[in-house]
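Sequences listed follow chains A and B, in order.
Position 63, counted from 1, in the first sequence is what the UniProt record's numbering calls 63; the numbers after and before it change by one each time, with no gaps.
Position 102, counted from 1, in the second sequence is what the UniProt record's numbering calls 102; the numbers after and before it change by one each time, with no gaps.
By construction, these hints were calculated from the structure, which means they are not laboratory data.
For each residue, glycine too, the CB sits at the ideal point set by N, CA and C.
Fair warning: there could be bad hints in the mix.
[What the hints assert, rightly or not] Taking lysine-lysine and the DSS-like style, the derived pairs with C-alpha atoms no more than 27 Å apart in a straight line are: (1) K81/A <-> K56/A; (2) K190/A <-> K73/B; (3) K56/B <-> K20/B; (4) K15/A <-> K20/B; (5) K101/B <-> K190/A; (6) K56/B <-> K73/B; (7) K21/B <-> K56/B; (8) K132/A <-> K101/B; (9) K73/B <-> K149/A; (10) K146/A <-> K88/B; (11) K56/B <-> K2/A; (12) K25/B <-> K2/A; (13) K149/A <-> K81/B; (14) K25/B <-> K190/A; (15) K56/A <-> K199/A; (16) K56/B <-> K149/A; (17) K2/A <-> K21/B.
[Claimed, not checked] Computed footprint of chain A on chain B; a stretch qualifies when at least three of its residues, placed anywhere within it, have a C-beta under 8 Å from a C-beta of chain A: (18) 51 to 60; (19) 78 to 91.
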Amino acid sequence: MKVTLRTDVLTNNNKAAEYNRELFENTNTLVINLMSSPGAGKTTLLEETVRGLSDKYRIAVIEGDLATDRDADRIRALGAKAVQINTHGGCHLDARMVAATLPEFDLDETDILFIENVGNLVCPSGYDLGQKHKVVVLSVPEGNDKIPKYPTMFMRTELVLLNKIDLLPYLDFNVEEAIGDLQGINPESKMIQLSARTKEGLDTWFTWIEGALAACKPQ
Amino acid sequence: MHEMALMGDILNVIHEDAGKKGISKIQKVELIVGDVSNALPDALHMAFEIFKEQNKVFFEDSAALVIHREEAKAECVVCGKEYIPDQKLAFCPVCRMPSGKIISGETFQILSYEGRQ
Ligand SMILES: Nc1nc2c(ncn2[C@@H]2O[C@H](COP(=O)(O)OP(=O)(O)OP(=O)(O)O)[C@@H](O)[C@H]2O)c(=O)[nH]1
Ligand SMILES: [Mg+2]
Ligand SMILES: [Zn+2]
Chain A
1 MKVTLRTDVL TNNNKAAEYN RELFENTNTL VINLMSSPGA GKTTLLEETV RGLSDKYRIA
61 VIEGDLATDR DADRIRALGA KAVQINTHGG CHLDARMVAA TLPEFDLDET DILFIENVGN
121 LVCPSGYDLG QKHKVVVLSV PEGNDKIPKY PTMFMRTELV LLNKIDLLPY LDFNVEEAIG
181 DLQGINPESK MIQLSARTKE GLDTWFTWIE GALAACKPQ
Chain B
1 MHEMALMGDI LNVIHEDAGK KGISKIQKVE LIVGDVSNAL PDALHMAFEI FKEQNKVFFE
61 DSAALVIHRE EAKAECVVCG KEYIPDQKLA FCPVCRMPSG KIISGETFQI LSYEGRQ
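One chain only, chain B, in its complex shape:
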């Protein structure tokens, strides 16, 4: 559970960027969180609310966190089949071999933020 620290990092990046653009109130933050990124959306929402509560100058009361999930996907390097990995995530459902590589779901990005002067 390091979502508090992660949210702190996220808000630092936004704070710095907003400062350069003369934005002083944040209205919305959008993240992309992959299913195998290790970050938990619920815990991120909780952390966001805590930071918002503590930084009333920087956040609009109605400020919201929007999380876009990125589904985990794997692709077989042998037959090219794309599949949703289960527990044996490298196992291609067609070849029945451990020939799959994760091609999506590891992303953990700050997509955008919205704010006003």
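The shape of chain A in the complex, shown without the other chains:
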């Protein structure tokens, strides 16, 4: 007996993502899914973002890692709410894992929730978490080939944070070429050049976040 299903493999994930999305919308929480390869600077950027914006907004963070609570501890040290998800070998966060942590947050009292995904430029791009925005961090030591090599990430994100630009003088990374490559894969994607170390460009990132906040506020 043959049974035709034509079911999306990610059906269960997508259902959980819709559940999350509805909750975020009902509680008016701006949710940003932050992705990158390991070590591009996601946590450092989040530390700087908490430092820069927490006097104006209530910020919370979900930290996704294979193991350890280190990243969540770094955020908590700054006084922000952070919950760690350990994927125990899993290479990405999925919507069900995120849904399971949400009871730990008071979303009515949260303006922005950042989700730091597991460091990986492939798998996280395929999983909807219910976020409003998908942002990818690319750091200049990773080299120019990352945008063309990982098109499925860059075609599904709307903003590239080009991090560690303080290192540009020492590396052969070509910013113009990266902008051209991004155009070729996803012309709608924006790019912000910054350094979480020297804080150069952080104000542009904060302006982007505030624009996103304004867009999701009810009238």
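Using the hints, position chain B with the ligands against chain A.
Frame of chain A; chain B with the ligands shown alone:
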């Protein structure tokens, strides 16, 4: 590499559906896997074999996984040209502008399964 987890999800969906239809042995599973879906056919085959080995009650010994590839295709929103995207996948080969949109190749579906009572 999350093909083990994906295959687990696929088999859960099939298991549930088969239960409702009174099917107890699976003979064949067919998937559609797009070229830009991030799922790797080889790794899916490997995962299928591992699950089959571990669930001898649910699978026929000869049970097979069949994967239908869906080619990546893009279409230019300016001139309507359909093309096979290369690395600069949004670049229309005619207009030479980043005006292409992916129209196929993102599918990752369970097409069907076959089994018996
Ligand atoms: N020079 C320089 N170093 C940076 C910058 N941002 C982050 N780093 C350093 O890069 C290293 C990795 O930073 P993390 O913030 O831990 O990176 P991550 O993306 O969170 O890493 P995973 O969570 O493991 O994927 C740390 O040693 C940071 O100090 C930057 O703008 N410039
Ligand atoms: Mg981190
Ligand atoms: Zn064209």
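Under the constraints set out in the numbered hints, which ones does this structure not fulfil? Of the numbered hints given earlier, those the structure breaks are 6, 14, 16, 18, listed in rising order.
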